[in-house]
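In order, the protein sequence lines correspond to chains A and B.
Residues 2 to 432 in my numbering are what the first sequence lists, from first letter to last.
Residues 2 to 432 in my numbering are what the second sequence lists, from first letter to last.
Please keep in mind that the hints were generated in silico from the structure rather than gathered at the bench.
Treat the hints with care, as some may be off.
Pairs involving identical chains hold if they fit within one copy or between any two copies, as the list cannot separate such chains.
Stated by the list, open to error - Cut-off 25 Å, straight-line C-alpha distance, at most; resulting in silico cross-link-like pairs (SDA-like, lysine to any residue):
hint: 1; residue 1: Lys27; residue 2: Asn280
hint: 2; residue 1: Lys37; residue 2: Asp291
hint: 3; residue 1: Lys409; residue 2: Arg52
hint: 4; residue 1: Lys37; residue 2: Lys124
hint: 5; residue 1: Lys219; residue 2: Tyr54
Nothing here was measured: the structure is a model prediction, and the numbers come from that model.
Number of protein chains: 2
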Amino acid sequence: MKTFNVAIAGLGNIGLEVYKNLIKNKKNIFNKTGFKINISHISAKNPKKNRGYLIPKKLWVNNPLALPNIKEIDIIVELIGGSDGIAKKLVFDSIKNGKHIVTANKALIAKYGDLLAELAEKKSVNLLFEASVGGGIPIIQSIKQGLIANKIKHVYGILNGTTNFILSEMEKKESSFQEILKIAQNKGYAESNPHADISGADVASKISILSSICFGCKIINKKFLVEGISNIDLLDIQCAKNLGYRIKLLAISEIIGNKIKQRVHPALIPLDLDIANINGVTNAVVVDGDPIGRTIYEGAGAGKGPTSSSIISDIASIMVGNDDFSFGLSPSAKKNYKLFNFNKHISKYYLRFLVNDKPGVLSIITSNLAKNKISIQNLIQNPDKNKLSNVMIVTHKAKEENVQKCIKVLCKNKKIFKKIVLIRVRDESKL
Amino acid sequence: MKTFNVAIAGLGNIGLEVYKNLIKNKKNIFNKTGFKINISHISAKNPKKNRGYLIPKKLWVNNPLALPNIKEIDIIVELIGGSDGIAKKLVFDSIKNGKHIVTANKALIAKYGDLLAELAEKKSVNLLFEASVGGGIPIIQSIKQGLIANKIKHVYGILNGTTNFILSEMEKKESSFQEILKIAQNKGYAESNPHADISGADVASKISILSSICFGCKIINKKFLVEGISNIDLLDIQCAKNLGYRIKLLAISEIIGNKIKQRVHPALIPLDLDIANINGVTNAVVVDGDPIGRTIYEGAGAGKGPTSSSIISDIASIMVGNDDFSFGLSPSAKKNYKLFNFNKHISKYYLRFLVNDKPGVLSIITSNLAKNKISIQNLIQNPDKNKLSNVMIVTHKAKEENVQKCIKVLCKNKKIFKKIVLIRVRDESKL
């Protein structure tokens, strides 16, 4: 009867929760896997911090980078974070020394996942990262194993709880982005430096990982469109709603011919769409596969409970000898897709212009749109304060490069304020 | 490099789809698992039937019960169906002879799952049945593995595509049960003998299996409440909608103390609830776990594509050496829960009485309700044809035994027609 020795590197909120739940679940895990688990080592920046939980002194290792050299460790749980630095060295060294790795580190996996997966295959160890995407939702395992017989051509979803909370609450409370961001920070839903969430960078890492698993290809982690939500005003949310839409920060990836169209941006989605009612910190992932059709997975996208659930699931997978390949297939079989040129993207667009309320402005906007072959579906003009007006437009389908060209010209016009809001519309009946 | 020999027993719609998809996916499965797959034997009632697909003659075995004795077979896919007879003998014999089993047979697993799982453990083989619940949705695997660290106390959902299609279409098309049943049969969504679906028996098997996996207990497959949808009238659907509800056939199971409250019945659920908008043949399963919180899984609940997706996923799980325990834990560790006495159930109730439109009828109904401590939240009386009236009542919370007692008395009254419609209401904010 093998006992698995597990080391935890990084003992913040999540690390501590993993520690507690592993201890609480020892018997449970034995009954479910047939194997015993033993937390053999722990390493954290500040061992002396009061964590309100007694951790035996003998478990502590001062330097996390010593863990890969400790012979009796079978599995290392990396919860230090960051795409480089200590986390990177720890994970590479651990795999090189034949240790299994479980991590929640989306930045690391999005950046070095291909390399790490190759190394893991060479060393016959597992590299698992369920907690890196969708918090507690077992989405990576479902795609790798549950949908193993499927050809997946499209995956999209809401992959960031912080921004989904902010957008939902702005609508519900009729409040500004800044006000709700503060509430989110007070509730612990947003970090004191919320840049990674707000900018879309967090979601970008997640969709890079998901694309690679869904499509069986090398990770695309650069040069694709990533837009965050800091531009979005309560006005946009309300105007969208009046037109039958809700604004969500989406991650979308699909195969177009032999290219991948992967992107992160806010979008207007129809109120009756599957995921338009996913509010608060909940995440949802929609996967279209053949022959399975559409499946949808929902759950808490973050938080110590859900994240620890995913991490322990990965640990148990390793114990039962499951999961040969980190990304669901042999690294040597991964396809090498190119990125779709997003200038060729076609959709409807929501545009908002803040303008001086003077004769001729609307004509400037509409004539420039016409010049760029962009026709108008809806137009609403509302007065703002100080003799300003907001012009909200939803276009018919138009090409990205034409829309961008048009905006570039218009934002140079003195009657129009520089900050033009552009949000893409996703309103195909079956997205 | 091991090649796995797979035999398929039963070559209807689903069996044929499994056969086709296994052949189409050979390389794919090799890349994803590192193992080769070979369909070595096939058995079906009528080998000569034109299936529109060429199957090599050498694969055919006349008697499926010969398969367990064929030495080179590793995995047998049982798609014959039925809880007893050939399917039962095939599965028991196969496991006894050290073959792995993959099956979609919910009736068999709900009836003999405990016994089979014990036998499978003794013989060190896998018995997997992802396709038996939720069609293509990888729900069993998600609970067994993805939620392995969780204590689950509540699972519920829409587990039958046929009845969900019928209820959705009755509302959409404003048609009767019988009319829509015919459409469902023409579309292939309902069988020519739809009894198992309509009566709730199909869902009963599924919730028996899910409960056992979620709660880590022996299967409860008898004496729990199972009601189907044949009682439900368009009138009920429309009345429910006016009151802010939608009627769905639900399977619900939860732990109450040391008992299991497991049941299948139609229910009025609030229109804004997660699964109120799961329409058509889609299934959805809601799982509440600690520490993960709520996760929801949606997808096609039936059909050859989704079902074959689940079956192949199980085959691949066996190939990579995954999934030790059929129900997610050692059979010897399964708890033995008793069934909750449903007479003690408390909820709101929707009741409809067809009555002679004569003075005093309403007073009889209301006084009997009062006598049984049932108070009324909503009451609507509408005339029917032929001097009849429909009285629709939503009660405040009441006890099941009181409601049943009251109905028993009322249906003996000559002014009230025998068929009294009773549908339970589930409207807790977080179900």
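To see whether the hints hold, each was checked on the structure:
| no. | hint | result |
| --- | --- | --- |
| 1 | Lys27 <-> Asn280 | neither (34 Å within a copy, 41 Å between copies) |
| 2 | Lys37 <-> Asp291 | between (38 Å within a copy, 21 Å between copies) |
| 3 | Lys409 <-> Arg52 | neither (53 Å within a copy, 60 Å between copies) |
| 4 | Lys37 <-> Lys124 | both (23 Å within a copy, 22 Å between copies) |
| 5 | Lys219 <-> Tyr54 | neither (42 Å within a copy, 36 Å between copies) |
When each numbered hint is compared with the structure, violations occur for hints 1, 3, 5.
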